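Asks: Here is how the chains run, residue by residue.
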Amino acid sequence: MATTTAFEYAPAPEARDSARLRSHYGIFVDGAFRDGAGDAVQTIDPSNEQALAEVAQAGAADVDAAVAAARRAHDSVWGAMPGRERAKYLFRIARAIQERARELAVLESLDNGKPIRESRDVDIPLAAAHFFYYAGWADKLEHAGLGAAPRSLGVAGQIIPWNFPLLMAAWKIAPALAAGNTVVLKPAETTPLTALTLASIIAECELPPGVVNVLAGGPEVGQALVEHAGIAKIAFTGSTEVGKLIQRTLAGSETRLSLELGGKAANIVFEDAPLDQAVEGIVNGIFFNQGHVCCAGSRLLVQESVADDVIAALKSRVETLRLGDPLDKNTDIGAINSAAQLARVRELSDVGDAEGAERWSPACALPERGFWFPPTIFTGVSSAHRIAREEIFGPVLSVLTFRTPAEAVEKANTTPFGLSAGIWTEKGSRILWMARQLRAGVVWANTFNRFDPASPFGGYKESGFGREGGRHGLEAYLGR
Amino acid sequence: MSATASRPFLGDPASFRDATADESSLRRFLHGLPGVDQVGAEARAADLATRSIKTTSKAWAIDLAIRMVDLTTLEGADTPGKVRSLCAKAMRPDPGDPSVPPVAAVCVYPDLVGVAVEALRGSTVRVASVATAFPAGRAALETKLGDVRDAVAAGAHEIDMVIDRGAFLSGRYGKVYEEIVATRAACGSAHLKVILETGELVTLDNARRASHLALLAGADFIKTSTGKVSPAATPPVALVMLQAVRDFAAATGELRGVKLAGGIRSSKDAVRYLVMVSEVAGQRWLDPDRFRFGASSLLNDLLQQRHKLATGAYDGPDYVTVD
Amino acid sequence: MAAERLRVRKTYKLAIGGAFPRSESGRSYPVSDPAGVLLAHAAQASRKDARDAVVAARKAFPGWWGATALNRGQVIYRIAEMLDGRREQLAAEVSAAEGCAPGSALGQVDESIDRIVWYAGWADKFAQVAGSANPVAGPYFNFSVPEPTGVVAILAPQQSSLLGFVSVLAPVLCTGNTAVIVASEARPLPAASLAEVLATSDLPGGVANVLTGFTAELAPWLASHRDVNALDLTGADRAARTALARSAADTVKRVFVPRDEDWSRDPGLERLSAFVETKTVWHPVGV
Chain A
1 MATTTAFEYA PAPEARDSAR LRSHYGIFVD GAFRDGAGDA VQTIDPSNEQ ALAEVAQAGA
61 ADVDAAVAAA RRAHDSVWGA MPGRERAKYL FRIARAIQER ARELAVLESL DNGKPIRESR
121 DVDIPLAAAH FFYYAGWADK LEHAGLGAAP RSLGVAGQII PWNFPLLMAA WKIAPALAAG
181 NTVVLKPAET TPLTALTLAS IIAECELPPG VVNVLAGGPE VGQALVEHAG IAKIAFTGST
241 EVGKLIQRTL AGSETRLSLE LGGKAANIVF EDAPLDQAVE GIVNGIFFNQ GHVCCAGSRL
301 LVQESVADDV IAALKSRVET LRLGDPLDKN TDIGAINSAA QLARVRELSD VGDAEGAERW
361 SPACALPERG FWFPPTIFTG VSSAHRIARE EIFGPVLSVL TFRTPAEAVE KANTTPFGLS
421 AGIWTEKGSR ILWMARQLRA GVVWANTFNR FDPASPFGGY KESGFGREGG RHGLEAYLGR
Chain B
481 MSATASRPFL GDPASFRDAT ADESSLRRFL HGLPGVDQVG AEARAADLAT RSIKTTSKAW
541 AIDLAIRMVD LTTLEGADTP GKVRSLCAKA MRPDPGDPSV PPVAAVCVYP DLVGVAVEAL
601 RGSTVRVASV ATAFPAGRAA LETKLGDVRD AVAAGAHEID MVIDRGAFLS GRYGKVYEEI
661 VATRAACGSA HLKVILETGE LVTLDNARRA SHLALLAGAD FIKTSTGKVS PAATPPVALV
721 MLQAVRDFAA ATGELRGVKL AGGIRSSKDA VRYLVMVSEV AGQRWLDPDR FRFGASSLLN
781 DLLQQRHKLA TGAYDGPDYV TVD
Chain C
804 MAAERLRVRK TYKLAIGGAF PRSESGRSYP VSDPAGVLLA HAAQASRKDA RDAVVAARKA
864 FPGWWGATAL NRGQVIYRIA EMLDGRREQL AAEVSAAEGC APGSALGQVD ESIDRIVWYA
924 GWADKFAQVA GSANPVAGPY FNFSVPEPTG VVAILAPQQS SLLGFVSVLA PVLCTGNTAV
984 IVASEARPLP AASLAEVLAT SDLPGGVANV LTGFTAELAP WLASHRDVNA LDLTGADRAA
1044 RTALARSAAD TVKRVFVPRD EDWSRDPGLE RLSAFVETKT VWHPVGV
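Chains as they are written, first to last, in this note's numbering: chain A, 1 to 480; chain B, 481 to 803; chain C, 804 to 1090.
The shape of chain A in the complex, shown without the other chains (with noise of 0.2 Å):
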């Protein structure tokens, strides 16, 4: 970390003027923010606890009548309105995301924890873009693939985790009203801001009212949306433990139903890889975003000829990680997002000490206030440890060892997960022979923590079902 050096980085905080923070932020429902029938909440700034904003809270009253906003404004007005319209809204929605990015970033590094950095480059512009994909899509459906006259299926109630807020929310939203349904979304409980923020713009862009509607709440609000009777379609992202709470819930019911849950990538390096690249391959894969993603590469199988050489390479970059205020633009690792989750990492990195792996942290001041964990590396860990097939959500990396190529894919499959994975090598046939066997829906080889609105995401197994992204993610939204 920032270790006495010479070239000290002096402090370059970006403006936190810049997020127009409001005290107050309500529920957006048929088109006006007003509050909700449950007891408004703070949240907070997980880099020092401080109260941002209090946030009205939706209760079942303001469910039904969200949902009954977004039905009407489906039969009346977007379900049948002509796509190339539909595109016009989203394609403004796409361009007022990027005219305010500064004032998304700074909110959502200030809501979420996450480093500047990642909220300018990479979750601010990959919304708007999803937004741009999706606005193309509108007047084009027919042409899909998914039937000659594929129609909307109605009011889709979208519930979103707190790791990437507003780039999930696009992912949710954009193909939602591409396809012409109407939407109710629900964002984290403890990362409402750019969300609504979000409904905020929609509203500037004068959707119709109704077309979105956006939810705080805690989980009881996402329940009340998932039960509801007149939603047709559910897009759930988060835990795989709340994902089958889920798909048990609608066991049986009409409503349509995607997935996108939890995973434990491997990320695979052979010893003929360019290494370099690699090392930062595994440092992106398990420190972007605090390792609350998702598809993190959680998991490093390295080539026991190239072990050793690997990780003291990669212990070597990790020394150079910046933790700090997310707010400065040279953060490279920011808080992680809430106490509970903090507790997590923890109590699962503490049961990696017990089960005999070898933990290491470079030397790292934590801040005093908020909620901070350093990046951590274990190694000697086998695969029947618990920090090698539950999945962690922090930056917590485990590293595990193979001799052949069919070692590599039987570890790296042994999960009930299947979201992501990833292969470091620079022989050809290799890449293709493992992208074939791994069972995972995003393989990436030679990169890893590359998203794009044109490619689709999305789990096998316990990750999940149904994609988000490209031509495919128009699916989930989609009826024949």
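I should point out that these hints are in silico values taken from the structure, not numbers from a laboratory.
Hints are not guaranteed to be accurate.
[To be verified] Pulled a few chain B residues facing chain A out of the computed Cβ check, cut under 8 Å:
#, residue
1, Asp517
2, Val519
3, Thr536
4, Glu622
5, Thr623
6, Leu754
Only a predicted model underlies this, so the values are computations on that prediction, with no experimental measurement involved.
By construction, the Cβ of each residue, glycine as well, lies at the ideal position given by its N, Cα and C atoms.
Following the hints, position chains B and C against chain A.
Replies: Just chains B and C now, kept in the frame of chain A:
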């Protein structure tokens, strides 16, 4: 660099000793180096370029960058007068501000070394000379070595040689190696910088191999470019060369330098490269003995930025000297 | 005058892993035509048979998926060839099972054969239709391909003993899945005979495992089996579907519920699409 990075990627130090045993050993060694994925290297370089260097750290970096400049003139039209003017600027970059440090060296053609040595006498500024039939290097070895001996005899402290890119690209690594070794010998006590001309080597894999080849042959510095070929120094090439000296040091314990030349004109670029030096090779390379900028117009931009930092007002080109 | 030759009756068995066992439980159950005339005693598969079938399907999965699409297509086409050679036998069994006129039964067999041929042709085309090269905003080549979900448990339709059975099995096999399929409970005999057709069609053992027995008894074990990746509820009793789907959620199985059971309808891509995963692969483009 921490002690943990014992010997990234290059295996046993013995492999270094054996690498130069014969042509086929050399080839095996160079082709055994890990590949460089261009996209990944470019992404890493771009990522480093997003570092935001402000206020005190910027001032520190600008002064360091000034101290790392090899102030260069390599024109057919060069004259003793031009060189003397450059030397004056090298010793006292800002005549109005004695707190500005002198640059590292002045870099000229061999026939003007004597002029530079005379003009810089008593200063800390070194005299560097390009040699070996710069920039193409297309001459007989004896001619090239004569070029080197002339420059050294005239008092050059540092020799910037060019490698035989044709030989490198056709896989005759032994020839490239032998020429560097011979030049190294001809340098005597002068420091040797080996210009790879990465713009002609094209790929980053080649840049990595050429870097290690030069380091094995005894280069004190590996240098990107002559400045006569585009592209010259680029962030991905700098990244790969910094990794090479880092890895070489980890394997052998010897610290060699990197010189970026050509195309670096702004303080912003210079500071970005220093960030790269710091984060890729390590703090030990933040020293004019281990890192240089071969440049001419860069110095004026550094001076203008220095002035801006000191006064808060943006500077204009009328307030720096023309050289 | 010679006595009328005594026919050799067939014992209807299960098909698991390329073998034709009776149920490990030793149980069988009487199968009658709609008029109540006994046709045969079919094997009544147990939960252990279901378990063995899943093991066989899992074991067969890498090989079947690893075969080229052309090869899968040819094997599926071979099923049609074999079935065509036994169309009269199957027609008689369908006629007996469903109580329909011989002409109608023959029509169903022919439709079944044609459906298999239709899916055989899809094997090496579906990836071209369902896959894509994705123009991402960066120096990467990015493509998506459909891959089989894995082991699919199918509850075959209860009414249409052959055409329905074929219509739910063929799309699952076409994309490289392996299957454990529970035949119509009351009309299992055509499916049991089809299993013999499958076994003589170059279909590797374990790719399609056919169970006869009580759907309500077997379905929960398949729905909860942790090594089953997807569940087709077509033949499940409507009242049972919710519980089965809920059980399937424990391992996030893909659960397919059909819109209707009109097997004369053009099947489209719905069933092919239901049992595939989309895999997206990224690679940098550089020199």
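Asks: Would you mind marking each hint as holding or not holding in the structure?
Replies: Results of checking the hints against the structure:
1. Asp517: Hint holds; B:Asp517 Cβ to chain A Cβ min 4 Å, cut 8 Å.
2. Val519: holds (7 Å)
3. Thr536: With a minimum Cβ separation of about 5 Å from chain A (threshold 8 Å), the hint on B:Thr536 holds.
4. Glu622: Constraint on B:Glu622 not satisfied, violated at 39 Å.
5. Thr623: The hint is violated - B:Thr623 has no Cβ within 8 Å of chain A, the shortest such distance being about 38 Å.
6. Leu754: holds (7 Å)
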